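*Asks:* Now for the letters of each chain:
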Amino acid sequence: MRAGVIVFPGSNCDRDLAEGFKAAGADVTMIWHKETALPDGLDIIGVPGGFSFGDYLRCGAIAAQSPISKAVAEFAGKGGYVLGICNGFQILCETGLLPGVLMRNATLKFICRNQGLEVVTSSSNFTSNYKVGQSIEIPIAHHDGNYSADPELLAQLKAEDRIAFRYLDNPNGSAADIAGILSENRRVLGMMPHPERAVSGQQGCEDGLAMFKSLAEALVAA
Amino acid sequence: MKARVHVMLKNGVLDPQGEAVRHALGSLGFDGVEGVRQGKVIDLDLADGTSEATVKEMCEKLLANTVIESYQIEIS
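Residue numbers (my numbering), protein chains in the order written: chain A, 1 to 222; chain B, 1001 to 1076.
The set of hints was computed from the structure by calculation and includes no laboratory data.
One thing to keep in mind: the hints can contain errors.
[As the list claims (entries may be wrong)] No farther apart than 16 Å at their CA atoms in a straight line, the calculated lysine to aspartate or glutamate pairs in the EDC-like style are these:
#1 B/Lys1010 with B/Asp1043
#2 A/Lys78 with A/Asp43
#3 B/Lys1056 with B/Glu1074
#4 B/Lys1002 with B/Glu1052
#5 A/Lys109 with B/Glu1034
#6 B/Lys1061 with B/Asp1031
#7 B/Lys1010 with A/Asp150
#8 A/Lys158 with A/Glu118
#9 B/Lys1002 with B/Glu1069
#10 A/Lys70 with A/Glu118
#11 A/Lys109 with B/Asp1043
#12 B/Lys1040 with A/Asp55
What you are looking at is a predicted structure, and each value in this text was computed from that prediction instead of being measured.
Based on the provided sequences and hints, a complete structural model is requested.
*Replies:* Here it is in structure tokens:
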């Protein structure tokens, strides 16, 4: 698996995400947001967490207009895999690669803690190493993770089995307890929790490792 | 020329920040505040002759997220 991790000014989980991919054996290239093209031969792009452009205007709005974001959209359009975590999820929603929007937490508080999640689908190359209904624990750290979508979109996400993870104890007011969703072709995943902060015992939790391993298994032949 | 863009959450979209402001006004003793909606005002200093259509494009592409926000343009 060859992974590229995008770095925006204000990204602060880019190196953690690179370590997450490496924990599953990936080669990782870091890509500065001013690049207009992606390196050849990548299997997956990671859009990391952080506070790109200081969260000015709206979380992810400015990053979505960065030169590299156009290249990421084209990559996804050709069937490439994209993983957006936290601010990365917000950016993917702003670029339109994923539907819906992440609003201010209903509690208005920044929440940083380990969070219980339910794995809702295992039929994606991000989640194939989990079992449906499995409870896992993954850290969250966000102020704007309140997933919002109209009832039609929520029904569609459910009907198409595109909800990847749900919060067990909804911390932020997200519609339908949604913590992460898949694109229509199931190759783009956006999620607020940080699996890259849960890949080794040193981090106190390893429940995120199965995601990177799922990807590595699926993309080894690609 | 100048343009002022008002960005507001659409009706029906819950505004947690507006709600917090409403509660705070209540606890200051201002009775009867039945609703608060918080938005943004963006002032643009533009080259003369910039069309309203261009400003609209700016709103659609960046200034507002039209999934949840509406916008209004005032040109002066």
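*Asks:* Each hint should be assessed against the structure and marked as holding or not.
*Replies:* Against the structure, the hints:
1. B/Lys1010 with B/Asp1043: Measuring from Cα to Cα gives roughly 20 Å; hence the hint is violated.
2. A/Lys78 with A/Asp43: holds, 11 Å
3. B/Lys1056 with B/Glu1074: Holds. B/Lys1056 to B/Glu1074 sits at ~11 Å (cutoff 16 Å).
4. B/Lys1002 with B/Glu1052: The given pair, whose Cα atoms are some 11 Å apart, holds under the 16 Å limit.
5. A/Lys109 with B/Glu1034: Measuring from Cα to Cα gives roughly 23 Å; hence the hint is violated.
6. B/Lys1061 with B/Asp1031: Measuring from Cα to Cα gives roughly 40 Å; hence the hint is violated.
7. B/Lys1010 with A/Asp150: Holds, because 12 Å separates the two Cα atoms, which is no more than 16 Å.
8. A/Lys158 with A/Glu118: Holds, because 14 Å separates the two Cα atoms, which is no more than 16 Å.
9. B/Lys1002 with B/Glu1069: violated, 22 Å
10. A/Lys70 with A/Glu118: Between A/Lys70 and A/Glu118 the Cα gap is close to 32 Å, so the pair fails against 16 Å, i.e. violated.
11. A/Lys109 with B/Asp1043: Violated, at about 29 Å.
12. B/Lys1040 with A/Asp55: holds, 14 Å
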